[in-house]
Amino acid sequence: MKPVTKEQLAGLASLVGATREQEINCSECAVFAAEFAERQLAGLPLDETLAKVEDHLAVCPECREEMLLLRRVLESGN
Amino acid sequence: MAVWALAASIRRIVTEERDWPQALRAADNAPVVEELRVVLLNGLRAALSGRGDVGEAHLEDFTQDALVRIFAKLDEFQGRSKFTTWAHSIAINVALTELRRKRWRDVSLDQFLEDGRHFAEAVDESAPADGEEEREHLVRKLKRAIAEKLSVKQRAIIAAALEGQPFDQTVALLGTNRNAAYKLLHDARRTLKDALTAEGISEETIRTSFAS
Ligand SMILES: [Zn+2]
Numbered sequence: 001m002k003p004v005t006k007e008q009l010a011g012l013a014s015l016v017g018a019t020r021e022q023e024i025n026c027s028e029c030a031v032f033a034a035e036f037a038e039r040q041l042a043g044l045p046l047d048e049t050l051a052k053v054e055d056h057l058a059v060c061p062e063c064r065e066e067m068l069l070l071r072r073v074l075e076s077g078n
Numbered sequence: 001m002a003v004w005a006l007a008a009s010i011r012r013i014v015t016e017e018r019d020w021p022q023a024l025r026a027a028d029n030a031p032v033v034e035e036l037r038v039v040l041l042n043g044l045r046a047a048l049s050g051r052g053d054v055g056e057a058h059l060e061d062f063t064q065d066a067l068v069r070i071f072a073k074l075d076e077f078q079g080r081s082k083f084t085t086w087a088h089s090i091a092i093n094v095a096l097t098e099l100r101r102k103r104w105r106d107v108s109l110d111q112f113l114e115d116g117r118h119f120a121e122a123v124d125e126s127a128p129a130d131g132e133e134e135r136e137h138l139v140r141k142l143k144r145a146i147a148e149k150l151s152v153k154q155r156a157i158i159a160a161a162l163e164g165q166p167f168d169q170t171v172a173l174l175g176t177n178r179n180a181a182y183k184l185l186h187d188a189r190r191t192l193k194d195a196l197t198a199e200g201i202s203e204e205t206i207r208t209s210f211a212s
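If you read the protein sequences in the order shown, they are chains Y and W. In terms of this note's numbering, the first sequence is residues 1 to 78. In terms of this note's numbering, the second sequence is residues 1 to 212.
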């Protein structure tokens with residue numbers, strides 16, 4: 001395996017630091033993603049479940065990418 | 001909220017006056033399916049604009065696949081958001097799953113596990129420190145925890161994540177499902193975090209030592 005780069009180590013440290021004892025997985029995140037995006041965009045507070053979505057997004061680059069695109073869609077007025 | 005964002009919200013609320021799930025379940029649903037198709041197509045166009053690897057034909061394909069998925073999941077819509085937002089989230093997942101599949105590397109299970117076996121050795125504890133003592137200490141402990149506390153599979157799944165390997169490929173290599181693979185990865189991250197905090201390294205330090 002190739003040597004781990006500084007950027008990868010930084011990524012690992014950030015992943016480990018953001019790890020929670022209890023986390024929701026990607027399928028659970030998907031259930032609440034639409035509600036999360038709408039509330040975040042409207043500047044509304046997040047309840048306990050939606051806070052778990054936020055925690056998941058901190059450790060899951062794929063769900064984070066999808067959330068970014070969903071926000072882009074909503075912001076474009078679609 | 002910016003005026004344009006407010007306008008977009010109002011527009012969404014106005015278009016949400018209809019009961020989409022009911023209209024989609026109706027016998028004569030062709031016009032509403034076509035309407036949803038256009039909504040999703042426009043959404044994907046906005047979401048994926050600027051990506052050189054996505055053309056109009058891809059957008060049309062993703063939209064068709066998304067419609068199939070949305071129909072299959074229609075009973076799961078709980079009304080917690082606008083229907084169209086929920087549908088967009090599914091369309092984006094469908095599109096990105098397809099696009100990520102194109103990034104699958106040519107790697108065997110043996111190679112994947114081999115990377116896991118050598119993961120700790122691939123961490124050079126002094127190189128990324130830039131003379132920062134706290135960071136060097138963190139990397140040293142991290143390397144040790146990877147070597148001593150994680151299984152080969154756990155090391156491999158973390159190494160693959162750092163390489164940016166699409167998660168579905170990791171899942172396929174392990175011959176498991178996404179939820180089980182997520183649990184494996186979560187357990188690995190938790191083990192590393194516990195090992196570091198047991199060494200007196202705070203969560204704050206773990207998160208920020210590379211920030212500067
Ligand atoms: Zn995820």
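Treat the hints with caution; some may be incorrect.
Computed, partial: chain Y to chain W, Cβ under 8 Å [unchecked claim]:
1. Met1
2. Ala30
3. Ala33
4. Asp55
5. Val59
6. Ser76
Listed next, with one range per pair, are the computed distances between beta-carbon atoms [unchecked claim]:
7. Y:Met1 with W:Pro21: 44 to 52 Å
8. W:Val33 with Y:Glu7: 40 to 48 Å
9. W:Ala26 with Y:Gly77: 22 to 30 Å
10. Y:Ala10 with W:Val33: 17 to 25 Å
The hints are simulated quantities; they were obtained by calculation from the structure and are not laboratory data. Cβ coordinates follow ideal geometry from the N, Cα and C atoms, glycine included.
Against the structure, test the hints numbered earlier, and report the numbers of the ones violated in rising order. The structure breaks hints 4, 10; every other hint is satisfied.
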